[in-house]
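J.: Take these sequences, add in the hints, and give me the full structure.
Residue numbers (the numbering used here), protein chains in the order written: chain F, 1 to 233; chain E, 234 to 319; chain S, 320 to 438; chain C, 439 to 522; chain H, 523 to 634.
Note that these hints are calculated values from the structure, not bench results. Be aware that a few hints might be false.
Label pairs and their in silico Cβ distance ranges [said to hold, decoys possible]: (1) S:Met370 - H:Phe526: 32 to 38 Å; (2) H:Lys564 - S:Met370: 37 to 43 Å; (3) E:Arg317 - S:Ala383: 54 to 60 Å; (4) H:Leu533 - F:Ala40: 42 to 48 Å; (5) H:Asn557 - S:Glu386: 49 to 55 Å; (6) E:Arg317 - F:Gly184: 50 to 56 Å; (7) C:Gly514 - H:Pro582: 45 to 51 Å; (8) H:Lys564 - F:Gly184: 54 to 60 Å; (9) H:Lys564 - F:Thr69: 44 to 50 Å; (10) E:Ser262 - F:Gly184: 57 to 63 Å; (11) H:Pro582 - S:Tyr417: 52 to 58 Å.
Below, simulated PhoX-like cross-link-like pairs (lysine-lysine); rule was C-alpha separation at most 20 Å, straight line [claimed, not checked]: (12) F:Lys3 - S:Lys432; (13) C:Lys464 - E:Lys259; (14) S:Lys432 - S:Lys420.
Ideal Cβ placement from N, Cα and C applies to all residues, glycine included.
Each chain, written out:
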Amino acid sequence: MIKRFTLMLLLAGLGAIFAGLIQNYVADEELNLTAAYYAAHTAEDIGAANIVTAIIVTYRGLDTLGEVTVLFLTAAIIGLVLSQGNRQQQQPQRKLPPAGELLVTGTRLLLPLILLFGAYVFTHGHLTPGGGFQGGAIIASAMLLLLLSNPMKRFSHRLITVVESASGLAFVIIGLLGIAWAGGFLDNRILPIGTFGELFSAGAIPIIYAFVGLKVGAEFSSMLVSLSETEDL
Amino acid sequence: MAEVLVTLAAIVTCMAFLMVLWRFIKGPSPVDRIIAFDGLTIVSITGILFAALAAERGIYLDVALVYALLSFLGVIVVARFLERGF
Amino acid sequence: MLATIAMTTGFLLILIGLYGALSNRNILRMIVAFTVANTGVNLVLVAVGYMNGRTAPILNDAVAAGEAISRIIDPVPQALVLTAIVIGVGITALMLAYTYKLYQTRGSLDIAKHTELKW
Amino acid sequence: MTLSIGMGLLLSVAMVVSAIMATRGKRSLGISILAAGLASLLASVMFLLLAAPDVAMTEAAIGSGLTTFLFFFVLGRVRRGEHD
Amino acid sequence: MAEFLDILGALLLLAGTIFLLLGGLGLVRMPDIYNRIQAGTKATTLGTLLSLIGVAFLHPEWSLKLLLIGVFLLFTNPLSSQVLARAAHRTGAHKSSSMIVDHLEDDLGEKP
Chain F
1 MIKRFTLMLL
11 LAGLGAIFAG
21 LIQNYVADEE
31 LNLTAAYYAA
41 HTAEDIGAAN
51 IVTAIIVTYR
61 GLDTLGEVTV
71 LFLTAAIIGL
81 VLSQGNRQQQ
91 QPQRKLPPAG
101 ELLVTGTRLL
111 LPLILLFGAY
121 VFTHGHLTPG
131 GGFQGGAIIA
141 SAMLLLLLSN
151 PMKRFSHRLI
161 TVVESASGLA
171 FVIIGLLGIA
181 WAGGFLDNRI
191 LPIGTFGELF
201 SAGAIPIIYA
211 FVGLKVGAEF
221 SSMLVSLSET
231 EDL
Chain E
234 MAEVLVTLAA
244 IVTCMAFLMV
254 LWRFIKGPSP
264 VDRIIAFDGL
274 TIVSITGILF
284 AALAAERGIY
294 LDVALVYALL
304 SFLGVIVVAR
314 FLERGF
Chain S
320 MLATIAMTTG
330 FLLILIGLYG
340 ALSNRNILRM
350 IVAFTVANTG
360 VNLVLVAVGY
370 MNGRTAPILN
380 DAVAAGEAIS
390 RIIDPVPQAL
400 VLTAIVIGVG
410 ITALMLAYTY
420 KLYQTRGSLD
430 IAKHTELKW
Chain C
439 MTLSIGMGLL
449 LSVAMVVSAI
459 MATRGKRSLG
469 ISILAAGLAS
479 LLASVMFLLL
489 AAPDVAMTEA
499 AIGSGLTTFL
509 FFFVLGRVRR
519 GEHD
Chain H
523 MAEFLDILGA
533 LLLLAGTIFL
543 LLGGLGLVRM
553 PDIYNRIQAG
563 TKATTLGTLL
573 SLIGVAFLHP
583 EWSLKLLLIG
593 VFLLFTNPLS
603 SQVLARAAHR
613 TGAHKSSSMI
623 VDHLEDDLGE
633 KP
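T.: In structure tokens:
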């Protein structure tokens, strides 16, 4: 009872602070200095139509590297936590209700479509909304669909690990090439910027985002796989 | 003329959204709620169309593409959970 | 106006999520409440970057590169939230993995049953 | 302009309702998870109204399948341990 | 001519949203789970397709993406509703009195 009362008091205090914040909020009329710099210079410096992509990949590329590292650590810890109880005891296979024929056939039809759409999203990240993170999530969704249509499906851990490591390595190497050939780490001008608004433009952004997409997709897939391979209770 | 009709269509969509939301809140059985969830995602696609029309930006439709291709996954997850499929 | 609505919704979601996380005793319910609060935080951050009458920070036929300063909204919060969502999924997956492990070793998800760390 | 404000109000109400459904302790856990997923899907449309298509796409791609599956998977394992 | 196309597109959009409304009404009013699945997926799919065509009339330069959205909807929507109906059948929702014919049970050959 006293606990519930304290909780209510805490939430009421937070609510009062939030109400004050909303009351005093005045929307900006002009862009602030950083945003104005990005808005004015992205098109000629980076060559990317999508300014958010330019910020994530180039202006704040180091943050993206850190984020991908955090995701990698998360996937690794999940694999570690869940594999400890995974002794080699062969239980009799659980009897699962099989997926319907429509789901199996539909998976066969939709899987290439979803993978293709994921590839479209992360290669067009500099032109349309989307990019590596979204594309990676879409590719992991394809894996999820495969897992749903056949729960006993086992993926190759080695393949996922190889894709993840190779794309992470390529991401860092491209970043280091930026130090050698252009202005700094993850500078996209190691390739010609090209015509604004075309697919092969914006320097190295499509390549970097493709590697980020593959890495994120492999990380989410490894999370799904290590969860789904846990022993039954 | 066309603007008036589009506004009317948006109002009708909002009413449909409210109805499906009512079924989501009320629905006696879990299957009812999942049907309402599916219906809400489909109505949301039309909502995205209206957002794109209001902002006059064709690129907003990419989000509708993701919705159309991936929103059925949630329904399939819950359905397979209900029949104890994983 | 739209920014105020979205901000209010975000703050309400944060409050509801905190209430759910602090008042429930089932660990899975607490994680669900955390994801709700996470959505609320993202909503507030995006709403701060919104400006009335402006459009998305993507340059194409509709927004030429020259007039971008007066037409687009602040892109920096969007880049922040984009990464925050992906990290949020990672954190949720990590919490769920620990929950599964806890259930496997202890056989219960009620936090009142786990009293070793209490003092 | 009024169109997007009206849609924003409607989405706001729906999100608050589904968040309350997600955190109330009386309903079954599956319904809570479904309601949380609904809140995240509606938040994606709200992001689009706030002129953030990148964020909306991320939320739609992640909130629809992946999060729901993670929750339901753990819930299924827990449920099977309890009833069988 | 352009004005005529605009009005035609807006009318198609309105018709599509009316189908959405009817789907929502069916979802509220139908007595049985299977009827609700019918109303909640068939009518809304038709309504969304009609409104996609309407928007294509309003903005012809978006046609390709709208066509893709329609194709994806046609692929995914029946799939999800079929899996859902199957799950509803397996969890025993078919015990309502209004159901007379049950072919799935005949095919499976099992008593619930």
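J.: Give a verdict on every hint.
T.: Verification of the supplied hints:
no.	hint	result
1	S:Met370 - H:Phe526: 32 to 38 Å	holds, 37 Å
2	H:Lys564 - S:Met370: 37 to 43 Å	holds, 41 Å
3	E:Arg317 - S:Ala383: 54 to 60 Å	holds, 56 Å
4	H:Leu533 - F:Ala40: 42 to 48 Å	holds, 43 Å
5	H:Asn557 - S:Glu386: 49 to 55 Å	holds, 54 Å
6	E:Arg317 - F:Gly184: 50 to 56 Å	holds, 54 Å
7	C:Gly514 - H:Pro582: 45 to 51 Å	holds, 48 Å
8	H:Lys564 - F:Gly184: 54 to 60 Å	holds, 56 Å
9	H:Lys564 - F:Thr69: 44 to 50 Å	holds, 47 Å
10	E:Ser262 - F:Gly184: 57 to 63 Å	holds, 59 Å
11	H:Pro582 - S:Tyr417: 52 to 58 Å	holds, 53 Å
12	F:Lys3 - S:Lys432	holds, 18 Å
13	C:Lys464 - E:Lys259	holds, 14 Å
14	S:Lys432 - S:Lys420	holds, 15 Å
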